[in-house]
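**Student:** First to last, the protein sequences are chains P and A.
Yeah, the first sequence ends on 117 if you go by the numbering used here, and it's all consecutive.
Yeah, the second sequence ends on 232 if you go by the numbering used here, and it's all consecutive.
Careful: at least some of the hints might be erroneous.
As the list claims (entries may be wrong) - Which stretches of chain P does chain A cover? Using the computed rule of at least three CB atoms under 8 Å from a CB of chain A, they are:
| # | region |
| --- | --- |
| 1 | 15 to 25 |
| 2 | 34 to 45 |
What the hints assert, rightly or not - Residues from chain A that face chain P, not an exhaustive set, calculated with beta carbons under 8 Å:
| # | residue |
| --- | --- |
| 3 | T155 |
| 4 | G157 |
| 5 | G159 |
| 6 | E173 |
| 7 | P225 |
In case anyone wonders, no lab produced these hints; they're calculated from the structure.
All values derive from a computational prediction rather than experimental measurement.
Ideal Cβ placement from N, Cα and C applies to all residues, glycine included.
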Amino acid sequence: AQTVTQSQPEMSVQEAETVTLSCTYDTSESDYYLFWYKQPPSRQMILVIRQEAYKQQNATENRFSVNFQKAAKSFSLKISDSQLGDAAMYFCAYRVNPTSGTYKYIFGTGTRLKVLA
Amino acid sequence: DTGVSQNPRHKITKRGQNVTFRCDPISEHNRLYWYRQTLGQGPEFLTYFQNEAQLEKSRLLSDRFSAERPKGSFSTLEIQRTEQGDSAMYLCASSLVLAGNNEQFFGPGTRLTVL
């Protein structure tokens, strides 16, 4: 069974500094997708960044980038130049290629990020 | 496009009562998903629809839970004979089938409290 593990329940970062959130996953599939979602307090989840497993190049979206290590099954999120608005719960999610017949996401337990002014 | 909407946002009920939640996906999205999120946990998949067909159900979806998407647009999730363990945030998400596009867009959730 596929699982997603986020071992950091909470992280803190000083404003303007860089922070890395960890995520590991377990799967026997070779083709899948990985996501980081942000869930601000009392607001809906929004997609931060997406990585296709077949792509070797790490995804980047402005201040957000990932370090995707397929062999190690690791998918960390780096936030550069942290801003107060980055404070939220961050969830790592996995989805197998839909040719397997499923479209569900499997989420980790989340990391609460605090940004200190 | 107003995004995914869910109603009600909060529901308090007594144990044993039935509750129904509604989800309105983004208008052109043909896939709709339900997840449950308990405190301190990530969302857990419950079920999903492609158009009006319910294509996958989690074993978390006991026989007290039923979901429908009668016309392939909005969806309802009903919980019968609620139990205190049903207290959670129920999230709805939708997506559009496009090659290479796998993003699910989430609604704000319905927070259920069972007393």
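**Student:** All hints, please: hold or fail.
**Tutor:** Going down the list of hints, with the structure as the test:
1. For the region 15 to 25 of chain P, the stated coverage by chain A is not satisfied: 0 residues place a CB nearer than 8 Å to a CB of that chain, which falls below the threshold of 3.
2. For a cut-off of 8 Å, the count of residues in the region 34 to 45 of chain P with a CB near a CB of chain A stands at 5, and the three-residue condition holds.
3. Taking 8 Å as the C-beta contact cut-off toward chain P, the hint placing T155(A) at the interface is violated, the least distance being around 10 Å.
4. At a threshold of 8 Å, the smallest CB-CB gap from G157(A) to chain P is about 7 Å, leaving the interface hint in force.
5. The interface hint given for G159(A) holds, since its Cβ lies 3 Å from the closest Cβ of chain P, which is under the 8 Å cut-off.
6. Interface hint status for E173(A): upheld, as the beta-carbon distance to the closest one in chain P is roughly 6 Å, under 8 Å.
7. A least Cβ separation of about 4 Å between P225(A) and chain P falls short of the 8 Å threshold, and the interface hint therefore holds.
When each numbered hint is compared with the structure, violations occur for hints 1, 3.
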